[in-house]
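**Student:** For the sequence shown, my numbering begins at -19 and goes up steadily by one.
Some hints could be false.
Straight-line distance between alpha carbons at most 30 Å, and here's what the computed DSS-like set of lysine-lysine pairs gives [as the list claims (entries may be wrong)]:
#1 Lys181 to Lys60
#2 Lys(-14) to Lys151
#3 Lys181 to Lys170
#4 Lys181 to Lys166
The calculated label-pair distances, taken between Cβ atoms and stated as ranges, are [what the hints assert, rightly or not]:
#5 Glu227 to Phe62: 37 to 47 Å
#6 Tyr116 to Leu147: 18 to 28 Å
#7 Glu227 to Glu192: 15 to 25 Å
Rather than coming from a laboratory, the hints here were simulated on the basis of the structure.
Yeah, the Cβ is synthetic: ideal placement off N, Cα and C, and Gly gets one too.
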Amino acid sequence: MENQLKTEGKYTYYEIGEGTPIVVLHGLMGGLSNFNSVADYFSQNGYKVIIPELPLYSQNILKTNVKAFAKFVKDFITFKGFDRVILLGNSLGGHIGLYHSKMYPEKVAGLVLTGSSGLYESAMGDSYPKRGDYEYIKTKTEGVFYDPKTATKEMIDEVFAIVNDRLKVIKTLTIAKSAIRHNMAKDLPKMHVQTCLIWGKNDKVTPPDVAEEFHKLMPNSSLYWIDKCGHAPMMEHPEEFNKLLHEWLKKVNL
């Protein structure tokens, strides 16, 4: 995937398939490749999958917040000439998708959240690894998943590089504070977008009761569980994730 990224103007993104656009929003420590299986599956089933690189570490510090990232996504959708899209977000990406749906509902045909922040940020704050030795970072990264082997050496190396880059650490903390500030609890009951919640039953970062709360507060939401699964269902159980998402898309005619 990394070799097939397109760069146009200020946007760098991966794109595959034809059909209804699914715009995928990655998380804070999550690379675009976390969504390989989503891109492969849905591009072969009538959808265009687009995964933009979010400017988490490249924007001015004043634009390093959930609201500015949501505006970036809106500008990207406009740039691509899409009328309405399905937004799919994991972790911080889900939060950005939620805020975008609040600000620009006319752009969003459907919303898919998996291990999303937006309601429960204390765990999310705890999950930002502190600078430290490699083994500590390895343990923290593995803890995101039910099966620690899901965390590849490449993934651990990436997280280690981020937490040892002073500017990225400052921006990571800025984003964490922004996530707490932009809590969505009061907004969710007013958001009528069709929403699919796919959650790992063993998610320690955004635990199952967070999913229950999203489901309770969002008027048009459907909740699906994946067993023996942590914070990134699309990585740990890609086939089951794709099957559940595809079922929901058919159910709501998207």
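**Student:** Evaluate each hint against the coordinates.
**Tutor:** Evaluation of the provided hints:
The straight-line distance between the Cα atoms of Lys181 and Lys60 is roughly 36 Å, outside the 30 Å bound, and the hint therefore fails. With a C-alpha separation of about 25 Å, the suggested pair Lys(-14) and Lys151 falls inside the 30 Å cut-off, and the hint holds. Between Lys181 and Lys170 the alpha-carbon distance is near 27 Å, which keeps this suggested pair within the 30 Å criterion. Between Lys181 and Lys166 the CA atoms are separated by roughly 25 Å; this keeps the pair inside 30 Å, and the hint holds.
For the pair Glu227 and Phe62, the beta carbons lie near 24 Å from each other, so the given range of 37 to 47 Å is not met. Restraint check, Tyr116 to Leu147: a C-beta distance of roughly 21 Å satisfies the suggested window 18 to 28 Å. The hint said 15 to 25 Å for the Cβ distance between Glu227 and Glu192, and at roughly 20 Å that hint holds.
Checked against the numbered hints given earlier, the structure breaks hints 1 and 5 and satisfies all the rest.
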